[in-house]
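**Student:** The lines below spell out each chain.
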Amino acid sequence: MGDWIGTRVKRKEDPKLLTGNGYFTDDIKLTGMLFAAVLRSPYAHARIKQIQVDEALKLPGIQAVYTAKDLIGKVKAVPTIWAVPDCGLKNKARSPLALEKVHYVGEGVAFVVGENRYVVKDALELIEVEYEELPAVVDQETASKEGAPLVHEDVERNIAFHWQPTTVPDEVFTQAEVVVKQRFIEQRVVPSPMETRGAVAQYNAGSGEMTIWCTSQNPHIHRMTYSEILGIPESRLRIIAPDVGGGFGAKIAVYTEEALTAHAARDLKRPIKWIEDRREHFVATNHARDEIIDVELAGTKDGKITALRVRNTANLGAYVSTMGAAVPTLCFGLMAPGAYDIPKVGVEVCGVFTNTTPTDAYRGAGKPEATFQIERIVDVFAEEVGLDPIEVRRKNLIPPDKMPYPTAMGCLYDSGDYHHALNVALEKINYEDFRKEQEALRQQGRYVGIGFSTYVELCGLGPSKVAGATGFQGGLWENATVRVHPTGSVSVFTGISPHGQGEGTTFAQVVGEKFGIPIEDIEIVHGDTQSISMGWGTYGSRSTAVGGAAVSIAADRVLQKARKIAAFELEANESELIFEKGVFSVAGSPDKKRTFKEIAKSANFAWNLPEKMEPALEAQSFFDPENFVYPYGTHICIVEVDGETGEVELKRYIAVDDVGRVINPMIAEGQVHGGIAQGVGQALWEGAIYSEGGQLLSGTFMDYTMPKARFFPTIETAFTEVLSPVNPLGAKGVGETGTTAAPPAVVNAVMDALKPFGVRDLAMPLTPEKVWKAMQKGR
Amino acid sequence: MEAGKRKVSVNVNGEGRSAEVEARQLLVHYLRDELHLTGTHIGCDTSQCGACTVLLNGEAVKSCTVLAVQAQGGEVTTVEGLGNREQLHPIQQGFWEKHGLQCGFCTPGVMMAVVSLLEDNPNPTEEEIREGLEGVICRCTGYQYIVSAVQHAIQLIAQAKSEEVHMGGGS
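Chains A and B, in that order, are what the protein sequence lines are.
Using the working numbering, read the first sequence as starting at 55 and increasing by one per residue.
Using the working numbering, read the second sequence as starting at 16 and increasing by one per residue.
Please keep in mind that the hints were generated in silico from the structure rather than gathered at the bench.
Fair warning: this is a prediction, and the values are worked out from it, not measured in the lab.
Glycine included, each C-beta is placed from N, C-alpha and C at the ideal position.
Just so you know, not all the hints are guaranteed correct.
What the hints assert, rightly or not - In silico SDA-like pairs for lysine to any residue, Cα to Cα no more than 25 Å straight-line: (1) A:Lys705 x B:Glu146; (2) A:Lys762 x B:Glu141; (3) A:Lys827 x A:Leu495; (4) A:Lys70 x B:Trp111; (5) A:Lys83 x B:Val81; (6) A:Lys70 x B:Glu49; (7) A:Lys112 x B:Val81; (8) A:Lys175 x B:Ala34; (9) A:Lys762 x B:Glu74; (10) A:Lys762 x B:Ser62; (11) B:Lys176 x A:Pro69; (12) A:Lys70 x A:Arg537; (13) A:Lys175 x B:Val81; (14) A:Lys64 x B:Glu101.
What the hints assert, rightly or not - Okay, the calculated beta carbon distance ranges per label pair: (15) B:Asn26 x A:Pro189: 35 to 45 Å; (16) B:Gly73 x A:Thr541: 23 to 33 Å; (17) B:Gly88 x A:Ala259: 41 to 51 Å; (18) B:Glu17 x A:Asp208: 49 to 59 Å; (19) B:Asn26 x A:Thr196: 56 to 66 Å.
Just chain A, with the same shape it has in the complex (with noise of 0.2 Å):
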């Protein structure tokens, strides 16, 4: 290891966001800039009558009100980008603004452009819509039964798409020694990042050229996807993701707001922001997960699991969002047989339209809910054959000789080692002892329980080719521009798009690994589609693995020619060159040296270059993987449950990862330690819910429970470094693991405290009147 790899560097965007001179969407202001908000419906389910906008429009301040009518032929609906092939998708696009009916509460109807942010508001109240309710259906088996009001009318029982890639004959399970089943609930929660959605949009009448800055994950997948629905070829189109207060999956989908503002920007020939508030941003972006899972495993007494069902019944929401159908299907269904050797598995999936807000990717996207099937049923099964959870994970788990292991799902687990990461939390615990204290304190009254999720997770999406396959509309490759100024200071392209991990400084370690200069030397440029030429964005635990082996690649190719420089120049062979600490020296004559910083001179100069050089010090990489990355560990979730209240107490929390390469450890630790906070939120707190007639009853953060800072213990995290042969970092990604491994260590820590009263399983979020309840029915 050189000097940056590895090391626990202060972060280098750090600085302007700790001084208040972060520059996120709402903080740009443009001349003559408007602002604009959003009439949404109060209905889940209502024809729309007529809509009288007379009165907004005599409001003083008030420059425009666009209806569904205005924007025919002008602005197209926004369609799913992942159309999963063979499962009979019916991909209904979404009406910028609603024109015949509303299909959820929150679903636009009128756009507002005034001359600040609260006059549009005043205005919204002055819009006049006649709605004719209709039934609406909230939950998704309710919807996909015969005689359900449809969402839409031409999609029988509200079914838009059942996929079933795999199946397991009945008779394996008919003949299994031992079978158990189970139900589980993944609930539906708000991905909620601390920034709400929004957009500034610019349009120069003269030239044609539009740019949008707003709120993204994935500045090209939106540049791409909005120019088709504006009509704007991408050339003209520029889209800018300043800082971006957090995604965790929100925002990486396309939506109707960003292609409002920019129509209106067009339109009225004048700037437009558009910011999401709170309460909006509640029924206006993306929810997730919302899937019933129902799983059978079939086992031997002795154990072994021998075949896995999985069926499982997801919630769309009103429309297939921009990667909904990918979510319950590719991502879940591939890891639904997890970290364990099991050689049938058959997965069904059903995915269902409601009067809801769109789900979509959320921080593990379909990972987690696969994750919670296997872990939970896990732990079902070894209490069925009367054995501990971790002897039945030991018996199936994947050995590490037989890495790289092909699935029954036909994934092929890059590397890891699954044992050993199981050892290496139990070595945090002294398990034979927290059974015994557990036995003493039941019989005081206590109730505590361990609960454990060694998982494996799909990540660094990954090759192009399997998105191809697989319905993406896109690519899922990197790029990396590294570009060395001629006084030596470096800038880095990538098509990755970070809104808090990190990469700023990551990036600039692994180039600073290579060059041996310091990472203030090296500036990383992010989120803006007019420098960086490609690139498919961050989600998926892809940055790393793809798009720093990107940069990896291109800092190679800098340093290559930078060799060729040196040695033309040090009239030495290329093989008798050292290169060490940012300079190269003939081997044997330490006199003779060339820093990087000469040789970035020479390189931009060109003054005397070898014969049919080049000039210039720049090189870019297009990486492709050849596979996805499988990040894993063991999470272990101690908690307390207490008798009188069913409140849990999170007692310790040991998460021991494997993510491949560290490249720096106290980044990764913040990963890991945020993903936990989310998981666990997921497992006891968080859950958005809908009442029966469609409205959302959870809508702001007084009802929606986010998790603070006095829930939590102190994490204990570890990671075990088994490199990735997929990149040449050896990278495996590190964003998504908490969210994945936390909700069934929690769940399962908690039916372990639960045992004394009989319980088998609950469904998320483990609220304390909930296990109350369990606990009075089982006493």
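Since the structure of chain A is provided, determine the placement of chain B on it from the hints.
**Tutor:** For chain B alone, coordinates are given in the frame of chain A:
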């Protein structure tokens, strides 16, 4: 003065500022839109998240639930008044060194809440720090390194104080 508007004068970060605003304008919009101090952010509308926390007359307030006119004649400190790149406030330094921020959106408000927390209790335990952060929400960090950042800031403050004493004694 435009009809319906009022002049609001506030001392912000040690500097007298004024603007004519609607009576209904929130302090956070006054700071961001009128005075162009965009370091203070808005994360919710119901005063749960604390991204908009500033000090008003020395007390931490959520500037999304205070009217600008209520701050008339008062003293406001925002993140811009805390420290700058050349000389970071110990709390900023603590957050930087201990990775107390990721996306950085909630951070200004969290740091202002910490200023207030440490004024009330200069030596909080970990539990007291966690409780003291009740008024803010961070979605990125899981709070662990925010707690470390606060603990580190306390050390830096103590260090600076002992150096002051030392220098004072020597002069």
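**Student:** Which numbered hints does this structure break?
**Tutor:** 7, 15 and 16
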